[in-house]
Amino acid sequence: MPRYTFSVNGRTVTVNAPADLPLLWVLRDRLGVTGPKYGCGIDVCKACTSHLDGKAINPCVVPVSEAQGREVTTIEGLADGDRLHPVQEAWLEQDVAQCGYCQPGQIMAAVALLNETRNPTDAQIDAIENVCRCGTYFRIREAIKRAAAKM
Amino acid sequence: MGSPTPSSARHEDGAVDRRRFLTVLVAAPTLTLALSTETTAPAYAGSSVPQPADIMDAGDALILAATPTAHLMLVLEVAENGEVRVELPRAEVGQGITTAVAMLVAEELDVPLGKVRVRLADARPELLLSQLTGGSNSVRALYDPVRKAAAAARARLVAAAGELWDVPANRLVTRGGAVVAPDGRRAAYGSLTTRAAKLPLSRLTAKPKPESEHKLVGTPTSRVDARAMVTGQLRYALDIDVPGAKPTMVRRPPTINGTVRSVKNEAAVRAMPGVIALAVIPTGVAVMGETFGQVMDAVEALDVTWNAGTVDALSDAGIRKRLHAAVLPAVVPPLTGHIEAEFDFAFVSHAPLETNCAIADVRKDRAEIWAGLKSPILARQDIAAALGLPQRRVTVHVTQSGGSFGRKLFPDAAVEAARISKAVGRPVKLMWSRSDDMRHGRARPASHHKIRATYARGKVLTYEHRVAAVETDFRHGVGEMLTAVATRLPVAGNMSFAQAVFHLSVKVPYRFGVVTELLKEVPLKMHTASWRSVWSANTRGAEEIVVDELAEKMGKDPVAFRREFLKTARQRAVLDKVAEEGNWGRDMPAGFAQGVGFHDEYKSCTACLVEIDARNPKKPRVVKAVIAADVGRPINPRGLEAQLLGGLTDAISTTLRAGLHIDRGLPLEGSYSQFHYARQKDSPTKVQIFIMPANGEPGGAGELGVPAAVGAIANAYARATGTRPRSFPINFDVDFTPFPR
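Read top to bottom, the protein sequences are chains A and B.
Using this note's numbering, you'd call the opening residue of the first sequence number 1 and step up by one each time.
Using this note's numbering, you'd call the opening residue of the second sequence number 1 and step up by one each time.
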């Protein structure tokens with residue numbers, strides 16, 4: 001079985017895994033990194049949104065082989081120790097989460113957007129496809145704007 | 001010491017130990033109280049010609065049915081480190097009940113909110129009917145018991161300090177998690193627990209604070225679990241590390257309730273990389289493996305021959321035909337001015353983002369289960385029955401859920417996981433695929449509605465609403481309880497439990513003369529369950545559309561018409577609030593329109609005003625929403641706003657685009673790219689929500705937001721497009737290629 005070495009939230013990991021095994025299952029089932037959630041497995045709901053070298057990806061459809069030598073960041077790696085990322089802070093201030101299951105993905109998607117665009121327009125926020133079945137979208141929108149103001 | 005600790009008591013046979021719990025206060029280091037207080041039955045205030053739900057609603061029935069065990073409901077501990085721990089017999093599915101309960105406890109005990117830890121209780125059979133999360137009932141049912149439990153704990157801590165200092169208890173006050181004496185001496189609660197636990201019960205009387213003294217309760221408060229959520233630390237069922245529990249999925253039949261005839265390539269699948277075990281179970285073929293990725297491949301590779309399901313020949317057209325044939329006739333002859341309208345609503349998946357899932361560790365003589373469950377006692381009973389174990393050998397842990405919307409009333413995944421664990425002889429981490437969750441998971445049943453109203457000289461004389469719906473499964477046990485209570489209702493008589501819930505939850509809030517609303521259910525062997533607001537989303541939603549059309553026929557403005565016919569000042573106040581804040585009647589460009597809706601249930605009421613952009617009628621968007629709600633007594637206004645926002649999004653989804661097509665015994669939809677629940681681009685960019693000030697007892701609010709918003713959105717769409725929407729969701733093309741079966 002091939003062997004892959006990459007970084008997860010700043011920690012170097014090495015796993016033996018089939019090349020086509022989706023990264024989500026390497027994270028969850030092999031490494032115990034459970035922040036990224038399963039919601040569909042086909043890059044539709046975006047609940048597992050994480051970052052690969054700082055760009056948003058959906059590890060449910062990214063094979064582990066693509067992570068070789070790269071940096072994976074999940075929701076667990078977003079804060080700097082106890083100091084939350086401004087997007088996480090904004091999420092708390094707007095009290096966004098209800099069931100919370102999609103929120104790691106929502107936050108990682110928002111961080112990726114804000115990394116590209118300092119002041120996203122409503123249209124750019126509309127382009128975030130992450131499903132929130134509790135329907136918290138308005139608070140997500142407000143939190144992104146609040147985070148943009150902080151950053 | 002010599003007393004049993006609560007944890008050891010907890011793990012033996014529930015009923016006996018719980019009684020011991022009540023009489024034996026556990027000694028140091030922790031003060032533990034199991035609440036023992038009277039719970040008052042709800043009072044009923046009727047109007048002149050009340051419908052059953054006016055007299056007593058489903059929430060009242062739940063409270064009443066649970067009354068015999070309400071005194072056992074809550075376990076509250078004050079620990080040596082000053083933490084207050086509450087074991088809550090409810091599910092947290094996103095509704096924020098753990099935050100609301102923590103607020104009530106913090107208020108009553110005078111401790112900072114951060115010192116209160118709320119944990120979801122395991123299944124506790126001795127609670128009988130008091131451990132069901134549903135019917136917008138939790139705050140209503142818990143408001144008194146929680147305050148009384150906390151007040152009892154406070155009284156005990158104060159008495160302990162009084163004894164310590166030899167100061168009369170009535171001269172002591174509590175502040176910031178400590179008892180404070182007139183001379184300024186302070187004793188932190190944690191330092192008093194040993195002494196407090198030893199005090200004899202009979203010496204103490206405790207009353208909750210008057211509501212006028214509430215400082216925290218009633219103020220907007222953020223969720224106590226929010227930080228865990230935004231840092232990825234919150235553990236849902238599948239995030240729990242149960243030693244040896246391996247990823248497991250099930251290959252399911254091509255039609256609902258189909259069963260396995262034979263597995264053609266069992267040996268080949270067993271030999272696939274990472275596959276650990278395979279078992280045929282009543283619901284399909286289970287495969288266990290090292291990772292979910294490998295299990296998915298194996299499940300996909302299975303070649304299975306299937307027996308027929310229970311509705312193989314049925315498609316939407318056939319179901320609709322049966323509903324239309326079943327609907328009862330209206331009886332009032334339309335001799336005066338009248339309006340008649342018929343409506344159809346599609347099946348709707350609950351589609352919580354966390355699919356059905358559970359962890360089960362079944363051994364020869366015992367079983368342990370972890371799952372998000374709104375009826376954990378039922379789960380324990382069902383699992384014990386499925387495994388052939390005595391109930392006391394089954395432990396059921398309730399985990400926080402990634403959404404429910406009614407789905408988690410049933411322990412489907414927990415029972416299935418237990419069966420698989422028994423079959424393969426190993427702990428199981430069971431996850432349903434999204435596609436299975438939509439196609440084989442439960443859904444809101446389709447319904448057909450026939451409404452006839454007559455009017456003359458500015459008055460509505462009669463109002464008849466006949467509902468035919470595919471049967472809603474209530475076998476989660478609310479049924480028995482509600483029936484038991486409802487059959488004693490003078491106005492309702494001996495109704496089936498579905499009839500009972502219908503009549504205890506659906507009512508017309510307007511003075512419409514002689515009102516009758518009747519439900520006829522069509523039993524089909526499909527997977528159904530209550531969906532947030534049960535029948536009200538459709539029944540009341542359709543009514544709000546008819547209200548607009550009646551207003552038009554009678555030459556009145558929709559808001560003015562509702563004002564005129566609503567029954568109470570509270571109801572008119574929320575309507576006035578949205579009309580004013582939402583600038584009702586303002587000019588809108590072509591293709592845009594406002595719409596309004598109202599709803600009253602479980603002692604709460606709400607109005608919703610939306611603005612829709614329907615320039616392209618195939619792609620409408622609600623661009624603005626203004627909502628007002630009166631819930632009698634808000635515990636956490638911020639949480640209430642969240643519930644109303646969720647209800648609005650549910651209404652946007654189910655009114656405009658989200659539904660299930662049934663095709664030859666199976667839903668076509670198997671993904672969020674097919675079942676069109678709203679996304680950010682479908683959501684309004686302006687939302688204002690107003691919670692009215694406290695004016696009574698807490699009402700229910702978890703489901704309140706849906707029906708009014710359904711009406712408002714449909715009415716806005718009708719006005720913007722000049723159409724009369726009759727079938728929901730409005731835009732419901734099969735705009736995708738269905739996955740293979």
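Rather than coming from a laboratory, the hints here were simulated on the basis of the structure.
Glycine residues also receive a C-beta, built at the ideal position from the N, C-alpha and C atoms.
Don't take each hint at face value.
As the list claims (entries may be wrong) - Think about it this way: if two alpha-carbon atoms lie no more than 27 Å apart in a straight line, the pair counts; the simulated BS3-like pairs of lysine-lysine are: (1) K520(B) - K150(A); (2) K459(B) - K321(B); (3) K450(B) - K553(B); (4) K55(A) - K150(A); (5) K681(B) - K145(A); (6) K145(A) - K686(B); (7) K55(A) - K681(B); (8) K150(A) - K624(B); (9) K321(B) - K520(B); (10) K215(B) - K321(B); (11) K556(B) - K145(A); (12) K624(B) - K145(A); (13) K681(B) - K150(A); (14) K459(B) - K556(B); (15) K567(B) - K553(B).
To be verified - Covered stretches of chain A, as calculated for chain B (at least 3 residues, CB under 8 Å): (16) 8 to 16; (17) 42 to 55; (18) 65 to 79; (19) 98 to 107; (20) 132 to 146.
What are the numbers of the hints the structure violates, in ascending order? 1, 2, 10, 11 and 16
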